[in-house]
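**Student:** Each chain, letter by letter, is given below.
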Amino acid sequence: MPIYDQTYRPYRGTFEPHTMRWWTIARAGLKHYLSRKGMLAFVFIAMIPAIVRGVLIWLSHQGALTDFGIIDANFFRGYLAWQGPFLLLICIWPGAILIARDLKTNAIQLYLSRPLTRRDYVIGKFAIIAGIGAILLPAPGLLLFLMQIGLSDNTEFLRDNYWVPLSILGYSAVVIAGAGLLSLAASAMTRSGRYAGLLFFAIVFVSQMVGTVLRLITGSPSFIVLSLPEMVNQVGGLFFGGIAEQVYVLPSMTVYAALIALSLWVLRRRVKAVEIVT
Amino acid sequence: MSGTPRQDVVAASGLSRWYGQVIGINDVSLAIGPGITGLLGPNGAGKSTFMKLMTGQIQPSRGSVTVLGEPVWNNPGIMNRMGFCPEQDAFYWNMTGLAWVEGLVTLNGYGAAEARTRALRALEAVNLIDRKDDKIGSYSKGMRQRVKLAQAIAHDPEVLILDEPLSGMDPLGRRQSIRMIKDWAAAGRHIIVSSHILHEIESMTSTILLVNHGRIVAEGNVHEIRELIDDHPHRIFIECDDPRQLAARLVGWPVVAGMRLDEEGVEIQTSKPDVFFTELPDLVLADRVKVTRLLSPDDNLQAIFDYLVK
Chain A
1 MPIYDQTYRP YRGTFEPHTM RWWTIARAGL KHYLSRKGML AFVFIAMIPA
51 IVRGVLIWLS HQGALTDFGI IDANFFRGYL AWQGPFLLLI CIWPGAILIA
101 RDLKTNAIQL YLSRPLTRRD YVIGKFAIIA GIGAILLPAP GLLLFLMQIG
151 LSDNTEFLRD NYWVPLSILG YSAVVIAGAG LLSLAASAMT RSGRYAGLLF
201 FAIVFVSQMV GTVLRLITGS PSFIVLSLPE MVNQVGGLFF GGIAEQVYVL
251 PSMTVYAALI ALSLWVLRRR VKAVEIVT
Chain B
1001 MSGTPRQDVV AASGLSRWYG QVIGINDVSL AIGPGITGLL GPNGAGKSTF
1051 MKLMTGQIQP SRGSVTVLGE PVWNNPGIMN RMGFCPEQDA FYWNMTGLAW
1101 VEGLVTLNGY GAAEARTRAL RALEAVNLID RKDDKIGSYS KGMRQRVKLA
1151 QAIAHDPEVL ILDEPLSGMD PLGRRQSIRM IKDWAAAGRH IIVSSHILHE
1201 IESMTSTILL VNHGRIVAEG NVHEIRELID DHPHRIFIEC DDPRQLAARL
1251 VGWPVVAGMR LDEEGVEIQT SKPDVFFTEL PDLVLADRVK VTRLLSPDDN
1301 LQAIFDYLVK
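Chains as they are written, first to last, in our numbering: chain A, 1 to 278; chain B, 1001 to 1310.
FYI, nobody ran anything at the bench for these hints, they're computed from the structure. If you're wondering where the values come from, they're calculated on a predicted model, not measured in any experiment. Each residue gets a CB set at the ideal place from its N, CA and C atoms; glycine is no exception. Among the hints, erroneous ones may be present.
To be verified - Mimicking DSS-like on lysine-lysine, the simulated pairs with C-alpha atoms at most 25 Å apart in a straight line are:
#, chain 1, residue 1, chain 2, residue 2
1, B, 1135, A, 37
2, B, 1182, B, 1141
3, A, 104, B, 1141
Unchecked claim - Stretch by stretch, here's where chain A covers chain B in the computed footprint (C-beta under 8 Å, at least three residues):
#, segment
4, 1052 to 1061
5, 1071 to 1083
6, 1088 to 1097
7, 1107 to 1115
8, 1302 to 1309
As the list claims (entries may be wrong) - Label pairs and their calculated CB-CB ranges:
#, chain 1, residue 1, chain 2, residue 2, range
9, A, 268, B, 1135, 30 to 38 Å
10, B, 1093, A, 51, 32 to 40 Å
11, A, 173, B, 1075, 26 to 34 Å
12, B, 1295, A, 104, 45 to 53 Å
Please work from the sequences and hints to get the whole structure.
**Tutor:** Written out as structure tokens, the structure reads:
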């Protein structure tokens, strides 16, 4: 009869590669939020503009909408701009609670006691916002583009607008990166998801108010760079181009990049295990 | 005995951590060996800071710390070999115990099926399997402690770092958890467990690390540490049938530094307990004193703690 070794035997199986550990957080977060009825209803509502535009594309190909105008790059840029408020709402919920809740529950120390770096943690949380954001912005945008190609009789549209998918992706990436990181930074500033949401809301809408008021008082369009939504509009011009008022692209990009850098700095400072001297 | 040199489970060199002007841990150099080690100290001594440094959660202000020979700061790979049970609650209250443990084990890199198997096994080990599908918010304090222990062991780590794991448990839960911790150690795991309740530590191990004001005050076996404390002579109580006769003989002994007599026996103080214990049998036999019990009232953790900390 054999006598089996009862001492400690470590796991000899395989682990997921470390470079993908952030995906574990992202996957769990996306699964959690996208299974909630409230979120599904929100996503459905956010799809209505895409459905409407899809119908418009279809009608235009049926010759039913002669006054509708041409479907070009601006059509897709307009769609993305229309989706901006939905993205902002996602940044408030669940975006603003993602880190605040972990600060409140001390969960970060458990995340960091696993084979996970602070960077993995932040990337994982950001990927939750980015994942939902991708459902709202680039995914329908690209589908609309494919629909337009599919319904076209010739290749003229594709020849003139082949660059639009890349612009959709680039614009979405920049907007989601800025809004998502700002939302996470706000979330990392407080243990209350509610306050974090209010903080994010205040940054976005107060900046817009201040920028608009100063522009009206001074008459100088340079105050565009104080307004986050205006900055995003300017950045849109960089990807889609061709609009006369896009005169502050470089300053807007600079301020926008500074805002992303500031968000990353806040996250670096605030995302850490709880430090208590006991 | 194998000739393999002992590998330190934890080694610190000049380890310091400050929080602004506040010292968490100050210039600590030590080596913790295999088995169970009790980390002791009053509140605010720096135990939790030391534990956070050992688990790589905070960066040393100065010095370094290694676990199983590997640095822990910025080395997430080592976390697969370590399990950490924090002192504070760290839950998503609306999750079930199973989902919570499973989610954390997934972060170790296991696939979904393996993570579930491990979570179930860990919950079984801490006697929570019957409540696995209940929300953590409905758990008692003792159950919350146990589910924290479950997440610490679920990935089967070599080293367990347990920060006040018995806090809030009822007596039965404490006894079960102490038994469990000893079983883990018997299975070859290394455990560093902190507590400010001395008898809890004493029931798990005699190897301790005593921390106070951010410094290591003493480390090693409780009895060996006691031997080294020269400022406080050892107290030895001899219960016998004729305390007065025994006291009369002991007064003249050079190794006896002090004495107290009561109806049941004699308590002496000596700085040379080995000499005393060697010579005592001859004296007892010569005088025909019937000794019923020998006690060392201060050869325990409480006494050491009092002498070194208070």
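**Student:** Look at each hint and say if it fits the structure.
**Tutor:** Hint check results:
| no. | hint | result |
| --- | --- | --- |
| 1 | B:1135 <-> A:37 | holds, 20 Å |
| 2 | B:1182 <-> B:1141 | holds, 22 Å |
| 3 | A:104 <-> B:1141 | holds, 18 Å |
| 4 | 1052 to 1061 | holds (count 5) |
| 5 | 1071 to 1083 | holds (count 9) |
| 6 | 1088 to 1097 | holds (count 6) |
| 7 | 1107 to 1115 | holds (count 6) |
| 8 | 1302 to 1309 | violated (count 0) |
| 9 | A:268 <-> B:1135: 30 to 38 Å | holds, 34 Å |
| 10 | B:1093 <-> A:51: 32 to 40 Å | holds, 38 Å |
| 11 | A:173 <-> B:1075: 26 to 34 Å | holds, 31 Å |
| 12 | B:1295 <-> A:104: 45 to 53 Å | holds, 51 Å |
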